[in-house]
Amino acid sequence: GIQVEQSPPDLILQEGANSTLRCNFSDSVNNLQWFHQNPWGQLINLFYIPSGTKQNGRLSATTVATERYSLLYISSSQTTDSGVYFCAVGLNTGGFKTIFGAGTRLFVKA
Amino acid sequence: DAGITQSPRHKVTETGTPVTLRCHQTENHRYMYWYRQDPGHGLRLIHYSYGVKDTDKGEVSDGYSVSRSKTEDFLLTLESATSSQTSVYFCAISDPGQGTYEQYFGPGTRLTVT
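Chain order of the listed sequences is A and B.
Just so it is clear: in the first sequence, position 25 is 850 by our numbering, and no numbers are missing.
Just so it is clear: in the second sequence, position 104 is 137 by our numbering, and no numbers are missing.
For reference, chain A alone in the conformation it holds in the complex (with noise of 0.2 Å):
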């Protein structure tokens, strides 16, 4: 099956500073997204991004669907961006099979 793979696992940023989550799949996907999980368990929508690039803020990302892989990005990082983000992508057969990745755990101190 499919395997979709995060690196890196954890990162730990001082307050302000920029980073980049990268996200590999091994197949052809119809759609991917981005969540960040925050330290009370909550799953929050960051991006759906099939493909191109999206901004939100002070996130970012980017996924080049021909070469298998997505980046996030987090400028000018904050504490309340501690937590984990997931990546996840649906299958060509039917799109509403979901693969997530193990995550990347990051904690930004103060």
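Hints should not be assumed to be uniformly reliable.
[Stated by the list, open to error] Using 20 Å as the maximum straight-line C-alpha spacing, the simulated SDA-like pairs for lysine to any residue come out as follows:
1. A:K922 / B:T88
2. A:K879 / A:T891
3. A:K922 / B:T115
4. B:K103 / B:S116
5. A:K922 / B:S94
6. A:K922 / B:G96
[To be verified] Just the calculated beta-carbon pair ranges, DEER-fashion:
7. A:T891 / B:N61: 33 to 41 Å
8. A:S832 / B:K44: 30 to 38 Å
9. B:S117 / A:G866: 30 to 38 Å
Keep in mind the hints are simulated off the structure, nothing from the lab.
Predicted model only: the values in this text are computed from it and were never measured.
Ideal placement from N, C-alpha and C gives every residue a C-beta, glycine not left out.
Since the structure of chain A is already known, use the hints to place chain B on it.
Leaving out everything else, chain B in the frame of chain A:
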């Protein structure tokens, strides 16, 4: 926020007992999903539904069954709970009829099987 609720939010049960978790949505989305989240595994799809009475298996469906008799409700049943089913369970919804497969998640149910 998408109108998705899960009940109960926390449950402790004993091995061998049946357990039913409920997901309720007010968005009239056609698709609904159940996932489990375990340390080191991210979220894994258990079952999903693409309409009333239409369901299919995900990647970790053994030991679970689902039912959907109304658009707004999707039930997950553990017929005989085992300790390996201790996990956090998330429900999600989506509506591809709106041109996107974007999924929205409920708050989760923490289940402990002793």
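The hints, checked one at a time:
no. : hint                        : verdict
1   : A:K922 / B:T88              : 12 Å, holds
2   : A:K879 / A:T891             : 17 Å, holds
3   : A:K922 / B:T115             : 25 Å, violated
4   : B:K103 / B:S116             : 30 Å, violated
5   : A:K922 / B:S94              : 13 Å, holds
6   : A:K922 / B:G96              : 19 Å, holds
7   : A:T891 / B:N61: 33 to 41 Å  : 35 Å, holds
8   : A:S832 / B:K44: 30 to 38 Å  : 35 Å, holds
9   : B:S117 / A:G866: 30 to 38 Å : 20 Å, violated
Consistency with the previously given hints fails for numbers 3, 4 and 9, ordered from lowest to highest.
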